[in-house]
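Asks: Sequence:
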Amino acid sequence: MVEADAKLLDRDYTIILVRLSERECPAPPGLRKQWQVAEKSILNLAAKCEKFDPDGLTIYIADRPFRKYSHEDSCTLAMLFQDDYSTARTDLVEALKDCLQDYFDRKAQGTAKANGEMIVVILDHEPIGKDCRKALVSTLVQTTHKVDRDDEIGVMFAQVGDNMIARGFLQALDDDLHLAGAKYDITDTKLLAELPQDKVTDFLLLALTD
Numbered sequence: 000m001v002e003a004d005a006k007l008l009d010r011d012y013t014i015i016l017v018r019l020s021e022r023e024c025p026a027p028p029g030l031r032k033q034w035q036v037a038e039k040s041i042l043n044l045a046a047k048c049e050k051f052d053p054d055g056l057t058i059y060i061a062d063r064p065f066r067k068y069s070h071e072d073s074c075t076l077a078m079l080f081q082d083d084y085s086t087a088r089t090d091l092v093e094a095l096k097d098c099l100q101d102y103f104d105r106k107a108q109g110t111a112k113a114n115g116e117m118i119v120v121i122l123d124h125e126p127i128g129k130d131c132r133k134a135l136v137s138t139l140v141q142t143t144h145k146v147d148r149d150d151e152i153g154v155m156f157a158q159v160g161d162n163m164i165a166r167g168f169l170q171a172l173d174d175d176l177h178l179a180g181a182k183y184d185i186t187d188t189k190l191l192a193e194l195p196q197d198k199v200t201d202f203l204l205l206a207l208t209d
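For the sequence shown, numbering that gives the first Met the number 0 begins at 0 and goes up steadily by one.
If you are wondering where the hints come from, they were derived from the structure by calculation, not from laboratory data.
Heads up, some of the hints might be wrong.
[What the hints assert, rightly or not] Label pairs and their in silico Cβ distance ranges: (1) Met163 - Gly128: 10 to 20 Å; (2) Asp161 - Asp201: 18 to 28 Å; (3) Gln81 - Thr208: 27 to 37 Å; (4) Asp9 - Asp201: 13 to 23 Å; (5) Asp201 - Arg63: 29 to 39 Å.
All values reported here derive from a predicted model rather than from experimental measurement.
Glycine residues also receive a C-beta, built at the ideal position from the N, C-alpha and C atoms.
Make the full structure from the sequences, and use the hints.
Replies: The following block contains the structure:
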């Protein structure tokens, strides 16, 4: 196995689903269909993560409060897609904070995997509210100062749909996190539509090497 692929082994994988609640904000036309189209790519991505993380994925549904499922597989993810997402509010920040705290707790206990953690955030909108966006940036920046190397944690933001406001925000996270004080570049962002089935490994590596 090439050295780049080896970075994806001996690592835990977490998937966070952040799906716009129609109770929180009117959904753009066609968003439900965009999720249906994206589902195959998302499950293919989860299946690839399973191969690198055979003891199971951690899955978050970023509702408020968030829902967390440990040691699961892509079949569980497929079932979760059937939820109606009727929560009053999504909350990416709290789900991400819990995921990161869990990792650093395991690292302190000596039970984290040697290569660290990969977090794939699948979302269709930017965090709603200025404070939420600032909190997300702050969480990511703080994380970069807790890790020992630049590829210890990777956060891949995979966007469903074509919301241009979300795209602009995610691109700023990708390109400009250092301007907010980040020590390392731990984030990458792509449109999920840009994910060919035979390029999932490259997609994940971008969060560690781009």
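Asks: Are the hints correct? Go through all of them and say.
Replies: Cross-check of the supplied hints:
1. Met163 - Gly128: 10 to 20 Å: holds, 18 Å
2. Asp161 - Asp201: 18 to 28 Å: About 22 Å separates the Cβ atoms of aspartate 161 and aspartate 201, which means 18 to 28 Å holds.
3. Gln81 - Thr208: 27 to 37 Å: Since glutamine 81 and threonine 208 have Cβ atoms about 35 Å apart, the given range 27 to 37 Å holds.
4. Asp9 - Asp201: 13 to 23 Å: Check passed, 19 Å falls within 13 to 23 Å.
5. Asp201 - Arg63: 29 to 39 Å: holds, 34 Å
Hint violations for this structure: none, all hints satisfied.
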